[in-house]
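Assembling the complex is the task here: the two chains are given apart, and the hints tell you how they should meet.
Protein sequences appear in the order of chains A and B.
Each residue of the first sequence is one higher than the one before, counting from 0 in numbering that gives the first Met the number 0.
Each residue of the second sequence is one higher than the one before, counting from 0 in numbering that gives the first Met the number 0.
It is worth saying that the hints were derived from the structure and are not from the lab.
Source: prediction; values computed, not measured.
Where is the CB? At the ideal position from N, CA and C, for every residue including glycine.
Check before you lean on any hint, since a few could be wrong.
As the list claims (entries may be wrong) - Just the calculated beta-carbon pair ranges, DEER-fashion: (1) A:Lys-178 to B:Ala-75: 46 to 52 Å; (2) A:Ser-12 to B:Phe-45: 26 to 32 Å; (3) B:Ser-76 to A:Glu-113: 44 to 50 Å; (4) A:Asn-14 to B:Pro-66: 22 to 28 Å; (5) B:Val-87 to A:Ser-168: 55 to 61 Å; (6) B:Phe-74 to A:Thr-69: 36 to 42 Å; (7) B:Ile-80 to A:Gly-152: 54 to 60 Å; (8) A:Lys-62 to B:Phe-74: 30 to 36 Å; (9) A:Pro-138 to B:Thr-86: 47 to 53 Å; (10) A:Ala-136 to B:Lys-58: 36 to 42 Å; (11) A:Leu-166 to B:Phe-74: 45 to 51 Å; (12) B:Pro-66 to A:Lys-177: 41 to 47 Å.
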Amino acid sequence: MANQEEFIEKLKSGNQVAFSQLLDDYQQKVFHTCISFVPNKEDAEDVAQEVFLEIYKSVSKFKGDSKLSTWIYKICTNKCLEFIRKKNAKKRFAFMQRILGNEIPIDKTNFFTEFNHPGIQLENKEKSETIFLAINALPESQRVVFTLAKIDGKSYQEIVDITGKTLSSVESIMFRAKKNLQKKLEFFYKNE
Amino acid sequence: MNNERKFKIKCASKNIVMKTIKNNNLGNNNTLDILDSIQKVKVSPFFKSKVLNKIEQHKEEKVPLFPWFTPQLQFASLAIILCVNITVIYYSISSTETTEVQLSEFETFVQEYHLESSNSISIN
Numbered sequence: 000m001a002n003q004e005e006f007i008e009k010l011k012s013g014n015q016v017a018f019s020q021l022l023d024d025y026q027q028k029v030f031h032t033c034i035s036f037v038p039n040k041e042d043a044e045d046v047a048q049e050v051f052l053e054i055y056k057s058v059s060k061f062k063g064d065s066k067l068s069t070w071i072y073k074i075c076t077n078k079c080l081e082f083i084r085k086k087n088a089k090k091r092f093a094f095m096q097r098i099l100g101n102e103i104p105i106d107k108t109n110f111f112t113e114f115n116h117p118g119i120q121l122e123n124k125e126k127s128e129t130i131f132l133a134i135n136a137l138p139e140s141q142r143v144v145f146t147l148a149k150i151d152g153k154s155y156q157e158i159v160d161i162t163g164k165t166l167s168s169v170e171s172i173m174f175r176a177k178k179n180l181q182k183k184l185e186f187f188y189k190n191e
Numbered sequence: 000m001n002n003e004r005k006f007k008i009k010c011a012s013k014n015i016v017m018k019t020i021k022n023n024n025l026g027n028n029n030t031l032d033i034l035d036s037i038q039k040v041k042v043s044p045f046f047k048s049k050v051l052n053k054i055e056q057h058k059e060e061k062v063p064l065f066p067w068f069t070p071q072l073q074f075a076s077l078a079i080i081l082c083v084n085i086t087v088i089y090y091s092i093s094s095t096e097t098t099e100v101q102l103s104e105f106e107t108f109v110q111e112y113h114l115e116s117s118n119s120i121s122i123n
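Isolated chain B, as found in the complex (with noise of 0.2 Å):
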């Protein structure tokens, strides 16, 4: 007697449980239904005027005389311009370091081997 009872407790609860689902699951389905009840709204009055307005205001901007030379392009050329630069000043420096090195060995060669040539004339 006992068992039938919880038996008949089970099903009864089992149905509802189904039932609950089966109304989610119509509930969903009825949600997704109202979509198809959604009516056509129509655009305001004033729209192509407004679309007319901003193609105008569009046509008054200025055109950049290069638009291919975005910002981003511009801030590359000038940190290239910038590293030929140091580059060039950095070479040139070391460049006149190392030419009077070479002319303070160069005259201390003509000293050591008597090289020099005599500018002094001698008028008799």
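Chain A with its partners taken away, still in its complex shape (with noise of 0.2 Å):
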């Protein structure tokens, strides 16, 4: 505990040797959730690499309240959230001009981020992509709470920490989520 406390400070300080380790102990962590929300290995660096770059921003606003580990994490649902929503907006834009006349080559599916995803067998990948595009049609919350904890791996108490929300609607919306996803995914399969 003493260690952490001591680590923090020389984070806030700007130690580069303390921020190296930092780097050392998560980059493959955040890394994984990034990919769990955003399944493109490039898309998904790119925002591992800003999740870094606001830890070092704003570690010296870091207050200590929650652990450390809790704090990246909560930065790094934040981040890939707002890359989500800002290739949303930017598909809506495209599909916008379009409609306008102005020919802007489109993507056939309306997900955000073209599919790659090498953690994929090969033979999983059409149906791993329904899912996936079956889960970016949830609302945000359940979004979150589903991807955090059957994509990323995540206990229930990880996903209380990291999204601030009781252990009981953590449950409540994990189990909507799950409905949800079923009604999607049988839609899907009927139109198919």
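Shown next, in the form of structure tokens:
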């Protein structure tokens, strides 16, 4: 605990060695969370870089109310959602441009990024793409809880810490997310 | 006989519908199970150096003298200064007009009641 506080103090004072240590410890974890939200390796890496830049800029504001890892995952989740929001807005803009006659090439799907997840086996690619599409159509709170739990593999307690919600709230959101996903997937298979 | 046949057909079609629903649900569950088979993706080996480069670039960026003085605040303060200027100019013009009117009124009053003091000094 004392070590942790000392480490945070070093980070706050701009110690390069401490930041390098933080990068070594968290680069894989942050990238994993990013690729869970953004299933494209390049985009996920860009978001992960943004996360570390944000950590560097705002570590001085870290009050120590939560664990350092929780704070990092909070930044990570927010950055991913911000990225998705921006990309979705761009897609809508491109669609409007197309309607107004200014032809801009548009993707076949309405997904915010090109699906390119190296961790998914080729035979599961199509089904996974469908799930990610359905997850993207969920309300934001459900999307966050489901992604952190089912794709990123976080425990409910970790999700409680990251989202700031109660355990019962997280459980009910997860239940609704699964129900909604099933409905969406059923609808998809019926229309297939 | 006819009724029996109809009943059998009805049952068969119901079975087909139930099977389809079951298959769909199974399909969904299987689809969601795929999420568990996603393998961990390793971050690129150059990730750390890229982040450190980005941080260096951020350090090199010039820090503004008054970071709190955002463009919105700048615009708002400019608008306030303009408003104050316009008000001051308006009041100064209107006050000169009133003093001129007051002076002319005073002069007519003095003339009407012959209150003018004679400036001419007679030298006898």
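>> Hint compliance check: list the failing hint numbers for this structure, sorted ascending.
In response: Failing hints: none at all.
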